[in-house]
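Going line by line, the protein sequences match chains A and B. Residue numbers 1 to 580, in the numbering used here, belong to the letters of the first sequence in order. Residue numbers 1 to 121, in the numbering used here, belong to the letters of the second sequence in order.
Among the hints, erroneous ones may be present.
Stated by the list, open to error - DEER-style ranges, computed between Cβ atoms: (1) B/R73 to A/F377: 17 to 25 Å; (2) A/R232 to B/A40: 41 to 49 Å; (3) B/A64 to A/A243: 29 to 37 Å; (4) B/A40 to A/A562: 16 to 24 Å; (5) B/D68 to A/G228: 35 to 43 Å.
If you're looking for bench data, these hints aren't it; they were derived computationally from the structure. Quick reminder that beta carbons are idealized off the backbone N, C-alpha and C, glycines included.
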Amino acid sequence: MRRLTYVLAAALAAAAAAPALAQPADVPTLIQLIDKQPAGVDRPTWKEQRRDAAKKLAASGDKRAVPTLIKLADAEAFDVIGEIAIEGLGALGDKSAVPTLEKIAADSSRDRQQRDLAKKALAKLGAPATPPPPPPPPDDPTPPPPPPDRDVSPPDDGGGTGGTGGAIAPPDGVPDLLGTRTPAPPSTDRFAPDVLAQREELTFAVGAASLGYDSVRDRTAFDLDASGRYARWIDRDKTAWGAEAGARVVAGYLNPEGPARSRAVIVDIDGGGQFRAYAGPGVYGIGRAVIAGQLQYLSVIRDDPMDAYKDGRTAADLGVAIGGGYGRIIDRGPRLRVKQLEALLEAGRALGRPIDDDLAAKLQSVWWDTRRDRTGFRQLTATVAILREAGVLLGEPDAATTFGMIEVLRDPSYDHRQDGIDVSLQIGEEYLLREDEPAVPEGRTELVLVTATAARQLGLASEAIAHLDARYRILADDGVPAPWRVGADATWRHFVHADHGELVGAFDVGARLAASDDDRDDTDLGVAIGGTAGWTWVFNRASSVRAAADVTLDAGELFIGARITGSYGFLDAGFARSAQ
Amino acid sequence: MRSLLLGFALVLATAACDGTEDADGARGSCASGGALSGCADSPTTPEGACWRLVECGSLPVDAAGDGDRDWGRCVGALEGLPTGRAELVMACIASSTCDELLAPGSPHPWEWPACFAYGDQ
Numbered sequence: 001m002r003r004l005t006y007v008l009a010a011a012l013a014a015a016a017a018a019p020a021l022a023q024p025a026d027v028p029t030l031i032q033l034i035d036k037q038p039a040g041v042d043r044p045t046w047k048e049q050r051r052d053a054a055k056k057l058a059a060s061g062d063k064r065a066v067p068t069l070i071k072l073a074d075a076e077a078f079d080v081i082g083e084i085a086i087e088g089l090g091a092l093g094d095k096s097a098v099p100t101l102e103k104i105a106a107d108s109s110r111d112r113q114q115r116d117l118a119k120k121a122l123a124k125l126g127a128p129a130t131p132p133p134p135p136p137p138p139d140d141p142t143p144p145p146p147p148p149d150r151d152v153s154p155p156d157d158g159g160g161t162g163g164t165g166g167a168i169a170p171p172d173g174v175p176d177l178l179g180t181r182t183p184a185p186p187s188t189d190r191f192a193p194d195v196l197a198q199r200e201e202l203t204f205a206v207g208a209a210s211l212g213y214d215s216v217r218d219r220t221a222f223d224l225d226a227s228g229r230y231a232r233w234i235d236r237d238k239t240a241w242g243a244e245a246g247a248r249v250v251a252g253y254l255n256p257e258g259p260a261r262s263r264a265v266i267v268d269i270d271g272g273g274q275f276r277a278y279a280g281p282g283v284y285g286i287g288r289a290v291i292a293g294q295l296q297y298l299s300v301i302r303d304d305p306m307d308a309y310k311d312g313r314t315a316a317d318l319g320v321a322i323g324g325g326y327g328r329i330i331d332r333g334p335r336l337r338v339k340q341l342e343a344l345l346e347a348g349r350a351l352g353r354p355i356d357d358d359l360a361a362k363l364q365s366v367w368w369d370t371r372r373d374r375t376g377f378r379q380l381t382a383t384v385a386i387l388r389e390a391g392v393l394l395g396e397p398d399a400a401t402t403f404g405m406i407e408v409l410r411d412p413s414y415d416h417r418q419d420g421i422d423v424s425l426q427i428g429e430e431y432l433l434r435e436d437e438p439a440v441p442e443g444r445t446e447l448v449l450v451t452a453t454a455a456r457q458l459g460l461a462s463e464a465i466a467h468l469d470a471r472y473r474i475l476a477d478d479g480v481p482a483p484w485r486v487g488a489d490a491t492w493r494h495f496v497h498a499d500h501g502e503l504v505g506a507f508d509v510g511a512r513l514a515a516s517d518d519d520r521d522d523t524d525l526g527v528a529i530g531g532t533a534g535w536t537w538v539f540n541r542a543s544s545v546r547a548a549a550d551v552t553l554d555a556g557e558l559f560i561g562a563r564i565t566g567s568y569g570f571l572d573a574g575f576a577r578s579a580q
Numbered sequence: 001m002r003s004l005l006l007g008f009a010l011v012l013a014t015a016a017c018d019g020t021e022d023a024d025g026a027r028g029s030c031a032s033g034g035a036l037s038g039c040a041d042s043p044t045t046p047e048g049a050c051w052r053l054v055e056c057g058s059l060p061v062d063a064a065g066d067g068d069r070d071w072g073r074c075v076g077a078l079e080g081l082p083t084g085r086a087e088l089v090m091a092c093i094a095s096s097t098c099d100e101l102l103a104p105g106s107p108h109p110w111e112w113p114a115c116f117a118y119g120d121q
């Protein structure tokens, strides 16, 4: 009797519980909960609720849950919800899950436990773990539909043909980490697999700008010296190319009391490009082209109108060079930034697994897409989302980790971190237009150029770079000098960070050596040696001020000096496939 | 290493002025040819602008004759200009190609380079 009571109680309990698990009306609600974060629920809580909902769907026996579970099984490779979905697909017994389960079972990049669960689910569905070979095209004229969660639209721009992953942003309309909407999800597959490194820079500098008036002399004065430069460079397995263009404007105006006044304007515009084709391991052929133009105008009107002076000068350079070389210099900075991010998470005991090159490429792709953003909001939220999705970041980042991530993301010490060896020999042909006074050499000039760079990153905070350049004029007419010059310099730089990862600045020490000869009877061999030590304060990704001391011994004369230089930039972004 | 330094010191001493000739100084990477050689902007200070003139072969580091134009007198000339004018001259020197910075008689000129016209009042 007692036993019968237990059985009855158990039956009643099961009868009471069953509707809660399998109630058909709950399935749409559960699916909605999985797809969309409810308002007022924070992300960790929502993630827990999703897992519970997935469990309920798996136990519901309702076929309407199958598409959602397929999507979860396919996409959630690093969350336990993926395993819940795989098991659920086996329990629901719907054959439409077979292709997805077969793919998971055969995917070596997936966790072993997920693959084993997929095999078990396939066994429950009566399907083998190894997918059958695809049928020949004539037997299957209609292409199979894509997996329900895959974005099959092409990348929006930028040569992202590699396809290292889908968009990382949450589905449309879903609040992101900080509760606001992400307007344009950054891409995670911006760079094709053969892209080794990429850079883009946009910098403006104002040397001086002033407008003044003094009543003592009743004089108005204006000065301006401003410049801007844009550069882009892409390194691929078999090729590399880059282009840059710049402009500089110098203007002055002086209008004292009386008829006297003077005006001056100098405008410089230049541009150039380079293409390299790699024929073997490191060996390349190179082609370069440069163009430059300058306009100078000066007008001086003195108190005596007859004593006026006006002068306009123009100059233009057109040059091409071809040659060959060995090696390449890669800007490893963006990849070092990823390494620093990894080190930050490890120090904060928040690192679930190391960041490999594929994941690093996803992160850099997002950073590249958001490089023009005025603030780092999208960069940070997307970075957190990727790291969480990949199982690298364990849990939501705390305040210290979030601050550290912000500092790493905007740290300019990870820009322009060159690494590698590059040696080139080029033969150049230039045409110089100099039709104004004073008479200066113009026309064709041929020269041989040699350049060499050796750069090494010494960990995350130091680097050493050495350059060598040489030029020699060739094919000069009889009686025309053929000057030469050889120069070399080396710099060691160390970046200094504060306790919480904030970049304070950089200390650098350098040395240089140069020798030259004008190939003229009235000049001698020139030899100079010098050294410099400087400290750079960094304000943002592209702006800094540097104070330095210089010592130079040139032609036996010793010079000691100091200088302060500064620049302000708007854009500085890059990509590097590997940190090595 | 020691002998290398000694040898280099000898070269420097040889290249240095012997008291009777101008000390011309070493040239920069863009002292001949045009934009292909590449030429970084010089600092817009009197010292930096005058170094560029030396590196371009426009002036000697140290002229043997009293009053001849050289690096020191170039710095003095720029420092003697009113502020706005000096900035124009230095910006002109910084942005010009080396051959445009040559003056009549360079590298031992009897006139200043054309950019100095921007210092005219």
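Here's how the hints hold up against the structure:
no., hint, in the structure
1, B/R73 to A/F377: 17 to 25 Å, "56 Å, violated"
2, A/R232 to B/A40: 41 to 49 Å, "20 Å, violated"
3, B/A64 to A/A243: 29 to 37 Å, "46 Å, violated"
4, B/A40 to A/A562: 16 to 24 Å, "19 Å, holds"
5, B/D68 to A/G228: 35 to 43 Å, "39 Å, holds"
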